[in-house]
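Assemble chain Y onto chain P, guided by the hints.
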Amino acid sequence: MSDITKQTLSELVANIKEKKLSSSEVTKAFVDRSEKSKELNTYITEDFSNALDKAKKFDDKPNLDLKLPGIPMAVKDLFCTANVRTTAGSKILNNFIPTYESTVTQNIWNEGAILIGKLNCDEFAMGSSNETSFFGNVQNPINKNLVPGGSSGGSSSAVAAQLTPITIGTDTGGSIRQPASFTGTVGLKPTYGSCSRYGIVAFASSLDQAGPMAQNVKDCALLYEVISSYDQKDSTSIDFKRNHYSKELTNDIKGIKIGIPKEYRVDGMPKEIDDLWQKGIEYAKDCGAEIIDISLPHTNYALPTYYIVAPAEASSNLARYDGVKYGFRADGENLIDMYEKTRSEGFGAEVQRRIMIGTYVLSSGYYDAYYLKAQKVRKLIKNDFDEAYKKVDAILTPSTPSSAFKIGEKTNDPVSMYLNDIFTVPVNLAGLPGISIPAGHDSKGYPLGLQIIGKAFDEQNILNIAYAMEEKINFKNKITDWWIK
Amino acid sequence: MSKERSEYLINRNDNQYEVVIGLEVHAQVLSQSKLFSTSATKFGAEPNTQVSLVDAAFPGMLPVINEFCVKQAIKTGIGLKAKINKRSVFDRKNYFYADLPQGYQISQFKDPIVGEGKVVLDMPDGQKEVGIERLHLEQDAGKSIHDLDPKNTFVDLNRSGVALMEIVSKPDLRSPEEVNAYIKKLRSIMRYLGTCDGNMQEGSLRADVNVSVRKKGTKDFGTRCEIKNVNSIKFMQMAIEYEANRQVDLIEDGQTVDQETRLFDIKKNETRSMRSKEDAHDYRYFPDPDLLPLEVSEEFINLLQSEIPELPDEKKKRFIDKFKLTPYEANIMVSDIETSNYFEDVVKKSDVKLATNWIIGELFAALNEKNLEITDSPISAGNLSKLINLIKDGTISGKIAKTVFEQMMEGDKDPKKIVEEKGLKQESDPKALEALIDKVIDDNRDKATEYKSGKVKLFGFFVGQVMKVSGGKANPQLVNEILKLKL
Chain P
1 MSDITKQTLS ELVANIKEKK LSSSEVTKAF VDRSEKSKEL NTYITEDFSN
51 ALDKAKKFDD KPNLDLKLPG IPMAVKDLFC TANVRTTAGS KILNNFIPTY
101 ESTVTQNIWN EGAILIGKLN CDEFAMGSSN ETSFFGNVQN PINKNLVPGG
151 SSGGSSSAVA AQLTPITIGT DTGGSIRQPA SFTGTVGLKP TYGSCSRYGI
201 VAFASSLDQA GPMAQNVKDC ALLYEVISSY DQKDSTSIDF KRNHYSKELT
251 NDIKGIKIGI PKEYRVDGMP KEIDDLWQKG IEYAKDCGAE IIDISLPHTN
301 YALPTYYIVA PAEASSNLAR YDGVKYGFRA DGENLIDMYE KTRSEGFGAE
351 VQRRIMIGTY VLSSGYYDAY YLKAQKVRKL IKNDFDEAYK KVDAILTPST
401 PSSAFKIGEK TNDPVSMYLN DIFTVPVNLA GLPGISIPAG HDSKGYPLGL
451 QIIGKAFDEQ NILNIAYAME EKINFKNKIT DWWIK
Chain Y
1 MSKERSEYLI NRNDNQYEVV IGLEVHAQVL SQSKLFSTSA TKFGAEPNTQ
51 VSLVDAAFPG MLPVINEFCV KQAIKTGIGL KAKINKRSVF DRKNYFYADL
101 PQGYQISQFK DPIVGEGKVV LDMPDGQKEV GIERLHLEQD AGKSIHDLDP
151 KNTFVDLNRS GVALMEIVSK PDLRSPEEVN AYIKKLRSIM RYLGTCDGNM
201 QEGSLRADVN VSVRKKGTKD FGTRCEIKNV NSIKFMQMAI EYEANRQVDL
251 IEDGQTVDQE TRLFDIKKNE TRSMRSKEDA HDYRYFPDPD LLPLEVSEEF
301 INLLQSEIPE LPDEKKKRFI DKFKLTPYEA NIMVSDIETS NYFEDVVKKS
351 DVKLATNWII GELFAALNEK NLEITDSPIS AGNLSKLINL IKDGTISGKI
401 AKTVFEQMME GDKDPKKIVE EKGLKQESDP KALEALIDKV IDDNRDKATE
451 YKSGKVKLFG FFVGQVMKVS GGKANPQLVN EILKLKL
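In order, the protein sequence lines correspond to chains P and Y.
To convert, note that position 3 of the first sequence is 3 in the working numbering; the numbers rise steadily by one, no gaps.
To convert, note that position 164 of the second sequence is 164 in the working numbering; the numbers rise steadily by one, no gaps.
Excised from the complex, chain P in its bound form (with noise of 0.2 Å):
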């Protein structure tokens, strides 16, 4: 059997299913190359321990009708585990152990997986290089001091390092498919609604969904069909009929309408973003699509309006925070003091950059200035792509308008920081599905992905797009293990 770590999702699941490997076999290869990738800084928490012990308890009494048996996977920290430590990345959760699972990661391990580990992320999801997590930063396996993306960089440096042979992530601004984008890897972005927010921990509850990430878009859809599910305990859930995304995936795109924003050729965009997204073009019209220009006229306002709806949302989520019931707390004179000490020293500066700004734009005498408007706004955003999706059935743009950045490069430069999503962010402001896709590297060999955006509850088709311009675009990811010894 050829090195376990470097098999898609889909042989892992093929050879435990025909009893070529077993779960313990597997489970082990990823234990032991998340050991010696220990560098990488990708790990929160580590569970290996019992992920071998119910890795062998799978193999004792295997279900092989699974879609996911035996295989084991590290999720991003900010999705509650029970009886594991969930931090979101953050100091105030530093010690906060859930007694209860999210929906998402149950309907993971219903289908067989093994929990091996929490990845890191930026601090509440908040960031687009993984630099504000209280854990430290990550490391982009493509290069040594290069950022992986956030928020989940954890997520998409350990599948490029294949430590996991997939995870998930959670995407309120671009966060899966940023840092997809960054390591040469698959993120998809599923249609708001489609994916249970219950155990997840809230950043912007109108724009947080969780997504697969893989190395393939195969794995994706996989992933995609067993997290996907209608639940009643997250209100904002919508009940739709769910495809067998995986066994439904076809690359027959022959006919397909894509359309082109000419919005997103931003100022000075660079010219390989630009170029890529030409090579996208070309793939796209091999496989039979129709390409069609298209305008979404609002996109400048996206970036302004999420940065107003996001904070607002985040500030009054992050409240319950405060010392008193569960997580890290700072002793104090009084209430209030303990509460400023405990949210001054349990937040990180980004956080509380953005608790200060939602607190501001929900103010009263500024709520209709901002929150208002960017609510107003964020309608009309969504307005462009229903007139669009008039025309085409899909969209592709750039994800990203660079490839990943060094770490600390953009530290001090939130503004540079937060224009890293101003591809990705209308699509969670409209609710829209999204995924991204690697197709090509920059001059420096670092990876760059394509989007493709959906219409609502239109994941198929998207997935669809993407496993046929994989096939023509042929990636191939340039790890060297440069961090192994």
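Think of the hints as simulated: they come from the structure by calculation, not from any bench.
Some hints here could point you the wrong way.
Sample of chain Y residues lacking proximity to chain P, with all beta carbon distances greater than 10 Å (derived) [claimed, not checked]:
1. GLN102
2. LYS215
3. SER297
4. GLY454
5. SER470
In silico DSBU-like cross-links for lysine-lysine, where the CA-CA straight-line distance does not exceed 35 Å [to be verified]:
6. LYS476(P) - LYS17(P)
7. LYS348(Y) - LYS267(Y)
8. LYS379(P) - LYS93(Y)
9. LYS455(P) - LYS279(P)
10. LYS228(Y) - LYS341(P)
11. LYS143(Y) - LYS91(P)
12. LYS325(P) - LYS143(Y)
13. LYS71(Y) - LYS373(P)
14. LYS382(P) - LYS277(Y)
15. LYS83(Y) - LYS382(P)
16. LYS341(P) - LYS348(Y)
17. LYS277(Y) - LYS341(P)
18. LYS325(P) - LYS93(Y)
19. LYS271(P) - LYS325(P)
20. LYS118(Y) - LYS215(Y)
21. LYS452(Y) - LYS468(Y)
22. LYS348(Y) - LYS325(P)
23. LYS373(P) - LYS110(Y)
24. LYS42(Y) - LYS325(P)
25. LYS341(P) - LYS151(Y)
26. LYS452(Y) - LYS379(P)
27. LYS151(Y) - LYS455(P)
28. LYS218(P) - LYS485(P)
29. LYS277(Y) - LYS325(P)
30. LYS151(Y) - LYS219(Y)
31. LYS233(P) - LYS71(Y)
32. LYS233(P) - LYS473(Y)
33. LYS170(Y) - LYS376(P)
34. LYS376(P) - LYS110(Y)
35. LYS447(Y) - LYS373(P)
36. LYS91(P) - LYS93(Y)
37. LYS110(Y) - LYS455(P)
38. LYS370(Y) - LYS267(Y)
39. LYS233(P) - LYS93(Y)
40. LYS215(Y) - LYS373(P)
From the three backbone atoms N, C-alpha and C, an ideal C-beta is built for every residue, glycine too.
Then chain Y, alone, in the frame of chain P:
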């Protein structure tokens, strides 16, 4: 003329002031589980035993609306003759406090579930209509307990997340008496509907009281003060009286009233400033992104409408029309659903007039003395109607009936059995009565002579003697008739 008399005015140095009052009543929804979680709502449980992960605001927990609470709010809206809003929105009211685990309360701000309505009060000088501004659903907070430890505050989250209806009145109330009538009427309507138990001791009904004063005859409202969280009608009345006089004193002294939130100190019988308008919280209301707008259909509302029982106003009208009660009697009988049910049970099988008098008179007095509610009455409606029938058919006199009633109060005994066992049956046999009367006249020959010679006042003496000799059992009417013949 009569209106003038009952007006509540404050007089100072030739100036007359009118008091303007509006109430924000917080009524706990009668429900098994909380507004957004499945935890129980039972009163008096051990601290922190009725708390779910949602109530304690654990990471990743989400609210899910309890449909029953929505129905209760709509029913209450129907009872208040109010507009039901088919689309309402839950907002977050953000503030920090140790007993508010989420750091925000889920409430309804711009789009409440119930709009304008009205409540009719029966005042001594006639009816008065009080406007309802709105009713919205919201979560209750937990309870901070400061007196268990010198240094620490304890928090009980049992109440956290319990559904409340905030019922906001228009500033239509003008006196402590009207406030009393308003709260009682509101309570009565909700108890008829089964939407709130109205138990003020347990905190199921409490109110924020807005008070302002203005010179009689002026149109503009004065600056108001809000007295927070008053939990008894008596305290509301005391607080209003104190606060109105405080404001009048300020104005008469040439000062102005500051808009502020005040607390009522029960021990000192005064209101105290809690925070000024400048210090008022900025609650940063915004629509809760965890909840979609609440939409209810016409059919849903109609179905609830069909479940609404006869309410106090309609019942009162029926009691007056059908049973010929006076408005005063009808008001008493409909004041709460239990009394009206009791009354209707009694009059099913007995005389209305007698039943009304016995319930309002003897029964209420006896219950009052024992500090019992009508639902705990030792005398069942069935046995009270039996007692009334014994009076009506002449088996016992009204006086004996009181003796029987007293014994019934000691335990719900059948009055017929008491009459038989104690031999209390009224003597109505003319022959037996004649013998008695002859004996009394014989024993009082001198008085009989005086009577005959014109001292007619002595007739009463003879009646009394006969009743005494009979042990109170002689039929008074027959005694009268026979005595007249014999003397």
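Restraint check for LYS233(P) with LYS71(Y), where alpha carbons must lie at most 35 Å apart: 20 Å, holds
LYS151(Y) paired with LYS455(P) [C-alpha distance capped at 35 Å]: Not OK: LYS151(Y) and LYS455(P) at ~58 Å, beyond 35 Å, violated.
LYS83(Y) and LYS382(P): Cα distance at most 35 Å? 33 Å, holds
Given the hint that LYS71(Y) pairs with LYS373(P), does the C-alpha gap stay at or below 35 Å? Given pair LYS71(Y), LYS373(P) holds - Cα atoms ~34 Å apart, limit 35 Å.
Between the alpha carbons of LYS370(Y) and LYS267(Y), is the straight-line distance 35 Å or under? Given that 35 Å is the threshold and the Cα spacing comes to 28 Å, the pair holds.
Holds or violated: are the alpha carbons of LYS455(P) and LYS279(P) at most 35 Å from each other? 23 Å, holds
Keeping to a limit of 35 Å between CA atoms, is the pair of LYS452(Y) and LYS379(P) held or broken? Answer violated: LYS452(Y) to LYS379(P) is near 106 Å, above 35 Å.
For GLN102(Y), is the shortest beta carbon distance to chain P beyond 10 Å? 5 Å, violated
Hint check: LYS170(Y) vs LYS376(P), CA-CA at most 35 Å. Holds or violated? 33 Å, holds
Pair hint LYS143(Y) and LYS91(P), alpha-carbon separation not exceeding 35 Å: 28 Å, holds
Once the closest CB in chain P is found, is it more than 10 Å from LYS215(Y)? Fine: 32 Å to the nearest Cβ keeps LYS215(Y) off the interface.
Tell me if the straight-line CA distance from LYS118(Y) to LYS215(Y) falls inside 35 Å. 26 Å, holds
Violated hints for the displayed structure, listed by number in ascending order: 1, 7, 14, 16, 19, 22, 26, 27, 30, 32, 35, 40.
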